[in-house]
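Chemist: Here's the letter readout for the chains.
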Amino acid sequence: MNRYRGGALGSALTYLVLCLLAAVFLIPFYVLLRNAFMSTPEVTATDWHWLPSALNWDNFSSLFDNPERPFGRSIVNSLVIAVVTAPLSTLFASMAGYALARIAVPGRSAVLAVIVGTLMIPQAVTFLPTFVVVGSLGGVNTMWGLIAPGVFNAFAVVLFRSFYLSFPAEIEEAGRLDGLSYLGVYGRIILPNSTTMIASLGALSFIEAWNSFLWPLMIGQDPSSWTVQIALSSFLTSQTVNLPELFAGTVVAILPLVVMFLVAQRHIVQGIAMSGLKS
Amino acid sequence: MTVTTPLRGSAARPASAATPRRRRLTERRSKALAFIVLTAPMLLGLGLFRYVAIGWSFLLSFSEARRTIALGNWVGLDNYQELLADERFRDSLTMIVGFTALIVPLTFVASLALAVLVNRVRRGRSFFRTAFLLPAAVSYVAAAMIWKMALFSGVPSGLANTLGALFGADPTPWIQTQSPPLYWIVLVTLRLWLQVGLYMILFIAGLQSIPQHLYEAASLDGAGAWRTFRSITFPMLRNTSIAILLLMFIAALQAFDEFYAIFSTGASLGSEPVRTPLTHLYGVALQDQDYGVGSAGAFLLTLLIVLVTFLQGRILGFARDKD
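Taken in sequence, the protein lines are chains A and E. Its first residue numbered -7, the first sequence is counted upward by one per residue in the working numbering. Its first residue numbered 1149, the second sequence is counted upward by one per residue in the working numbering.
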């Protein structure tokens, strides 16, 4: 592609640098996996071992058996939160984005301004105000309290709106002539034609819900409503730590998203590029 | 998806043509109804969790609200004064400004360099992209576990200390050492590892939108790689760079997760040696349950973020005027 670069030597050098950097970036994954399968004496040994002497699957079973830290429960909680948040947040954003792009009614620009206005406030700063509201509605230690505030993504509305602005009008008109109502056009024509957008933004939303920390830390105070990130952080504050179990927990916590990154990378990359550059 | 049946369409039209005014009315009504149905969930959600929340919190910030979120006990600017007089909060502000000043330029340069390198290679591009992006799948908490307990743990078995031992260095407590503040290395490398891939993706998208003929012209003129980068690539990435810098500033000023995970001991909130404004506010809100002071802090932090983004806009805006 770029014909300006200088020959084979430069190209070999580029590869060398990239390979070295890729190795550096992958080292933390390697060390984590290695430690997760080691025994306690091996992890704390002063001399370096490249690989564990045996695969200690016990680390994983003890992780899920520990009565003081409901790790299995926290995985289920995180799964429920992410599985509910991702489709709901993309659906709501797509609905609002479509209406704002394609249904001309009086007051439409005011509605757009109300939605865009929320983007002016930095996200993390809203945590305390939202805690006040959700707390007063009895949302502490509840699933809905953990989920609800993350479902309304004004930024995704903006992305969907610009996507629908460039949507070919003929298809909609055909649907209208076919006797579909506005809602029918949205449900039967628009939504099925937005799958790439929905996949990209849904994947990002899933990642965000799974990795979110500050909000579940405030709302999920009782161990029964811990998310996986909270359960993980509880390793760092407990008195005695079983190190291999800690690393096994970290592996379990990051595994779903690593798999997702490897499988759905195209959608994720698209989603990142889209949401980063529109801001 | 749609099957247009001309028969049904032509059958429907004469009937509605008989009463065109009525049809327009129902048309307008169904349009309004659809708009309301489609926007209602978003408006209600944002209304409650953003507008009501922020409005309430704003009022709380002028109110004495310990262990209560009821309004009414107005105290003017006391909460703001109390917070600004608190040395720990002021320290956290200094800390976050220093952290931002360090992490933003480093992340910017590193992600741009990676983007240019990855974009140059033909074979294996997707492998490199995956390798650099993969850390973005990891949460800050999980990364903090790896950094604190495996890479930079103070014991001899930590990776950093193992490497140090090769050069004859003694085991170093990376996180606990305050002077010199070695924990900065831990914080900065963690965030770089986690974020660089994301921004690299954005830069690659920017790079690929640069017209190829510019490079062909430069190559004909015999410009070298560095010269080409300086006079074509970097200027053409101007808008991308501004957007990315803005994202980086906002992300850095709101740092919380890894600071909490690395420095919190669980014993008492607020006793961590290294704190960001958000860690401080978390302690104020959850440990002291002082929602008035906590709210005041949220607005002070907002002010800081707005100020920084405004300054960035001004400085880069002026630079554009000169072009």
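In short, the hints are calculated from the structure, not lab data. Treat the hints with caution; some may be incorrect.
One-sided and incomplete, this derived list gives chain A residues near chain E with beta-carbon spacing under 7 Å [as the list claims (entries may be wrong)]:
#1 V72
#2 I139
#3 P141
#4 S216
The following label-pair restraints were derived from C-beta to C-beta distances [unchecked claim]:
#5 A:D57 - E:G1203: 27 to 37 Å
#6 E:T1242 - A:S3: 40 to 50 Å
#7 E:L1451 - A:A37: 17 to 27 Å
#8 A:T229 - E:W1332: 18 to 28 Å
From the derived model, a few chain A residues whose C-beta atoms are all more than 12 Å from chain E [what the hints assert, rightly or not]:
#9 E34
#10 T36
#11 T38
#12 W40
#13 W49
#14 N58
#15 R65
#16 A88
#17 G109
#18 F123
#19 T134
#20 A140
#21 T188
#22 L224
#23 T229
#24 P248
Note that CB positions come from ideal geometry on N, CA and C, so glycine has one too.
Chemist: Taking the hints in turn, state whether each one holds.
Modeler: Hints and how they fare:
1. V72: 17 Å, violated
2. I139: Violated - the Cβ of I139 (chain A) stays beyond 7 Å from chain E, reaching only about 11 Å at its closest.
3. P141: 5 Å, holds
4. S216: 18 Å, violated
5. A:D57 - E:G1203: 27 to 37 Å: Since D57 (chain A) and G1203 (chain E) have Cβ atoms about 47 Å apart, the given range 27 to 37 Å is violated.
6. E:T1242 - A:S3: 40 to 50 Å: 46 Å, holds
7. E:L1451 - A:A37: 17 to 27 Å: 51 Å, violated
8. A:T229 - E:W1332: 18 to 28 Å: At 23 Å between Cβs, range holds.
9. E34: Answer for E34 (chain A): violated, closest chain E Cβ roughly 9 Å.
10. T36: 5 Å, violated
11. T38: 4 Å, violated
12. W40: Contrary to the label, W40 (chain A) does not stay out of reach of chain E, its closest Cβ about 5 Å off (not over 12 Å).
13. W49: 19 Å, holds
14. N58: Given that every Cβ of chain E is farther than 12 Å from that of N58 (chain A), nearest at about 16 Å, it holds.
15. R65: For R65 (chain A), whose nearest Cβ neighbour in chain E is about 17 Å away, the distance exceeds 12 Å, so it holds.
16. A88: Label violated. Min Cβ-Cβ 4 Å, cutoff 12 Å.
17. G109: Violated, since 8 Å does not exceed 12 Å.
18. F123: Per Cβ check, F123 (chain A) is inside 12 Å of chain E; nearest 7 Å; violated.
19. T134: Holds: least Cβ distance 15 Å, greater than 12 Å.
20. A140: 7 Å, violated
21. T188: 15 Å, holds
22. L224: Its Cβ does come within 12 Å of chain E, the nearest being 5 Å, so this is violated.
23. T229: 3 Å, violated
24. P248: 9 Å, violated
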